[in-house]
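Colleague: Respectively, the protein sequence lines represent chains A and B. 1 is the number of the first residue of the first sequence in my numbering; add one for each residue after it. 486 is the number of the first residue of the second sequence in my numbering; add one for each residue after it.
Check the hints yourself; a few may be wrong.
[To be verified] Some residues of chain B that are not near chain A, with every Cβ distance over 12 Å (derived):
| hint | residue |
| --- | --- |
| 1 | P501 |
| 2 | L507 |
| 3 | N515 |
| 4 | V522 |
| 5 | P525 |
| 6 | R581 |
| 7 | E637 |
[As the list claims (entries may be wrong)] Facing chain B, from chain A, some residues (calculated, C-beta under 10 Å):
| hint | residue |
| --- | --- |
| 8 | A180 |
| 9 | A297 |
| 10 | A300 |
| 11 | C404 |
| 12 | G418 |
Calculated from the structure, these hints are not laboratory results. Using N, Cα and C, we set each Cβ at its ideal position, and we do this for glycine too.
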Amino acid sequence: MRLIRAIGNWFDQRVGARDTLGPMLAHPVPRTTASWWYVFGSATLALFALQIVTGICLALVYVPTADQAYQSLEYLNYQAPLGWFLRALHFWGSNGMVLVMTLHLIQVFLWGAHKYPRELTWVVGVFLFLCTLGMAFSGQVLRWDQDAYWGLGIGASVAGRAPVIGRQLVEFLLGGPIIAGRTLSRFFALHVFVIPGLLIGLVGVHLWLVLRLGINEWPMPGRLVDRATYRQRYEEEVRRDGVPFFPVAARKDMIGMAVVIAGVLACAALFGPYGPNGVPDPTLIDTEPRPDFYFLALFALFALLPPWTETALLLVGPVVVILLLLALPFLAGTGEKSWRRRPVAVIGVLLILLTVGTLAGLGITSPWSPVMDAWSGLPVPEAYVRGRTPLELQGAAVLQGKQCRNCHSLGGEGGRRGPALDGVATRLTQDQLIRQVLQGGGNMPAYGKNLTPAEVTALVAFMQTLRPAQQPPAQPAVGPLTPAR
Amino acid sequence: MTQNVADRESSPPPPPTRRSFLFMLGLALNAVAAVLVGIPIIGYLLGPVRSRGAQAWIALGPIDQFPEGETRLATYENPFRVPWDGPTAKVACWVRRLEGEQFQVFAINCTHLGCPVRWFPPSRLFMCPCHGGAYYEDGSHASGPPPRGLFEYDYEIREGQLWVQGGQVPTLSQPL
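Extracted from the complex, chain A is given alone in its bound form:
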């Protein structure tokens, strides 16, 4: 023990850590900041450290070339000792980092920490958030599977919508005219050199600002932030009722860090690594590309935006969102800090969470996508063919054979791109059914060129039987009315 202390002293006489780092660690902070709500920032930092360590480990084996990246991931999964676990840690660590960082963002916003004098801390934090999302996307590319390939295709298509410089932007992004070897090298350099370098530098600035400006005190309703008096009042509070950051406030931080790391370890051990999902061979077209969860909401938005707004929103939307985030502390830099007195802020956060959550949920089920094998995989429910005439049965066969089920469900099974056909006869008359099949419309393709008159007759005859027993079929609004009996 004495020896260790002696060695420690020998180093400290030369390094001087006790005189420089010591006061930093022990600097007084308001007692109210030693709260469980204040642990998300340090937890994010812990996950970032985990990502660096596991990322370096993976880079020892991973081959960043388009012809061998996939095999090297398979090697990690199945042959390299504990390779699967390191991949799993890196994957779940990245999910955790995006999640905990989002919690940190929401917490500091609701607690008013972005207000004077911590505007720059917030701005640096926004860039940290963007860099982390950049890491998430580029990491997904390094998985170099079918999702990665077609995810890049989506990126290229968005970039290709830019006016004037569209093509040049695509080539710059991909490093060549197609998604291939040069693209992977680029994203590898981004993922392991460029963005981590930025992140480390920005984390340094972020922490320095926290240290210089002090941790945001627990906001009390009615205590307004005023540029003239804020810093003086803060310093008074620290003098009157301050506690040393280390160990008083850091205790909870350390437990938070350990908990998130333990959570990642548990997820990695229980669920294992993710992917790679399918060789990135673009001639294998039986694929349904889906992004990782943090981009599912965006993926869903692409399907649901009205087409005429899409190019403008895809190109301008992200810029506007980022600018708004950056401008926030300058638009609302003073005044009330407590979320109890900031209903607009609270409602805004809830609305954004609901929107993103709903979109992400839709992204998982993708109801706008045809179910590609419904026509051959799902039979017509038995109840819908029992007691039908031969013509109607023929119609049921046409409905299956012409792949209507890929977009329309029967008995709850099939695509949800178009309306379910279970009660279609109560909504459309015979004439309307014929017109809809032949001419399409309302987002349905026209089948006029693709069906013989006999097939149309049979199909419509079958669809006219699709109604609950107690409900009358749809009647034309004009023309000879049949008296009700």
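Given chain A, work out where chain B should sit, using these hints.
Modeller: Chain B only, in chain A's frame:
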């Protein structure tokens, strides 16, 4: 002490000396060095951006392998590949032979966001697995979010072989 500072601030700038000249020279030389290093780096980074899009004629094989009235998947190797591209050098396209030497060759990429469209012969539709775009057999837009019909290759028949002109990812700003 304060008197000194005030004096220094109010006094006129000192006349150029050898030291201040050396300082300015140091700044200037480093600026020149930064520009000299920066220009080739920027040029290198912009290397993949060509003045014209990548275009080359590519053989898809004898036309006999495409029956009349049918749509078949054809694949080729991108002519602008590098040796380490692996499977990603491959490109797929849909070849529709109407009759005789009349063809339509479509890029596999949906015009909405580039996902691979699939051909469904019974309903004579191309369907996209990502956001539900659908196209008729002639490539025109049938439903869903795509802003236009499928991207179509220019083609030629030379000595019984089908050739198409391609080499890059088709996008809205640079269709094939």
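Colleague: Confirm or reject each hint.
Modeller: Comparing the hints with the structure gives:
Under the 12 Å C-beta cut-off, the non-interface status given to P501 (chain B) relative to chain A holds; the minimum distance is some 37 Å. With a closest Cβ-Cβ approach of about 31 Å to chain A, L507 (chain B) is found to remain outside the 12 Å limit, as its non-interface label requires. Consistency note on N515 (chain B): stated as away from chain A, and its beta-carbon is indeed over 12 Å from all of that chain's, at 21 Å minimum. In this structure V522 (chain B) is separated from chain A by more than 12 Å, as the shortest Cβ-Cβ distance comes to about 18 Å.
Against the 12 Å criterion, P525 (chain B) stays outside the reach of chain A, whose nearest CB is about 17 Å from its own CB. Listed as a non-interface residue, R581 (chain B) keeps its Cβ farther than 12 Å from every Cβ of chain A; the least gap is roughly 14 Å. Here E637 (chain B) stays apart from chain A, with its beta-carbon at least about 16 Å from theirs, past the 12 Å limit. With its C-beta approaching chain B no nearer than about 4 Å, A180 (chain A) sits inside the 10 Å limit, and its interface hint holds.
For A297 (chain A), the interface hint is violated, since its Cβ never comes within 10 Å of a Cβ in chain B; the closest pair sits about 14 Å apart. The closest approach between the C-beta of A300 (chain A) and any C-beta of chain B is roughly 9 Å, which is under the 10 Å cut-off, so the hint is satisfied. Nearest Cβ of chain B to the Cβ of C404 (chain A): about 8 Å, under the 10 Å cut. The hint holds. Proximity of G418 (chain A) to chain B holds as hinted, the smallest CB-CB distance being about 9 Å (cut-off 10 Å).
In this structure, the one hint that does not hold is number 9.
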